[in-house]
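Produce the entire structure from the sequences given, and follow the hints as far as they go.
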Amino acid sequence: MAIATTSAGRWFCRVVWLGIAANLAMALPTIAAPDQMLALSRLPTVTPHLWARFAGLLLILLSVFYAPAAIDPDRYRANAWLAVVSRLAGVVFFAGEPVYRMLGLFDLVFLVPEAVLLFIATRGEPPSPRTTAAAETTGVPAS
Numbered sequence: 607m608a609i610a611t612t613s614a615g616r617w618f619c620r621v622v623w624l625g626i627a628a629n630l631a632m633a634l635p636t637i638a639a640p641d642q643m644l645a646l647s648r649l650p651t652v653t654p655h656l657w658a659r660f661a662g663l664l665l666i667l668l669s670v671f672y673a674p675a676a677i678d679p680d681r682y683r684a685n686a687w688l689a690v691v692s693r694l695a696g697v698v699f700f701a702g703e704p705v706y707r708m709l710g711l712f713d714l715v716f717l718v719p720e721a722v723l724l725f726i727a728t729r730g731e732p733p734s735p736r737t738t739a740a741a742e743t744t745g746v747p748a749s
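So the sequence shown is numbered by the working numbering: it starts at 607 and just counts up by one.
No wet-lab data here; the hints were simulated from the structure.
Incorrect hints may have been included.
Using C-beta positions, here's what the derived DEER-type ranges look like [stated by the list, open to error]:
id, residue 1, residue 2, range
1, Val722, Pro654, 39 to 45 angstroms
2, Ala684, Phe660, 25 to 31 angstroms
3, Leu694, Ala645, 38 to 44 angstroms
4, Arg683, Arg648, 34 to 40 angstroms
The structure presented is a predicted model; accordingly, all values stated were derived computationally and were not measured.
Glycine residues also receive a C-beta, built at the ideal position from the N, C-alpha and C atoms.
Encoded structure:
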């Protein structure tokens, strides 16, 4: 069964799109007005401003890589799992810094539903045709 045809799969796509929108809502103003965004977020100022703007740019680029998983999680299965792993990386990275912990919590808000929904959408799925074909030609049974 295809991920995108399950209820969990459709919700996974929606949550990924919502996460992309949230990332852009943070990143675009950070690029345009870094001082104001840092003050609004109660984060320390940075010098030069290039670093805050660069972080915004990287967040936009990361969001671009989430899009294939939101468009077609079956075709871009690796992107779907990497979207979940990327959110986990954000949680772990910011967890050790009390001042920036809010950024980790931001990723956690998307990590939990994405991981749960993707797991539900893929559980009990039969082996892919490529795995089955490889097992037939090599004589090694597919798991």
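Checklist entry - Against which earlier hints does the structure fall short, listed by number upward? => result 3
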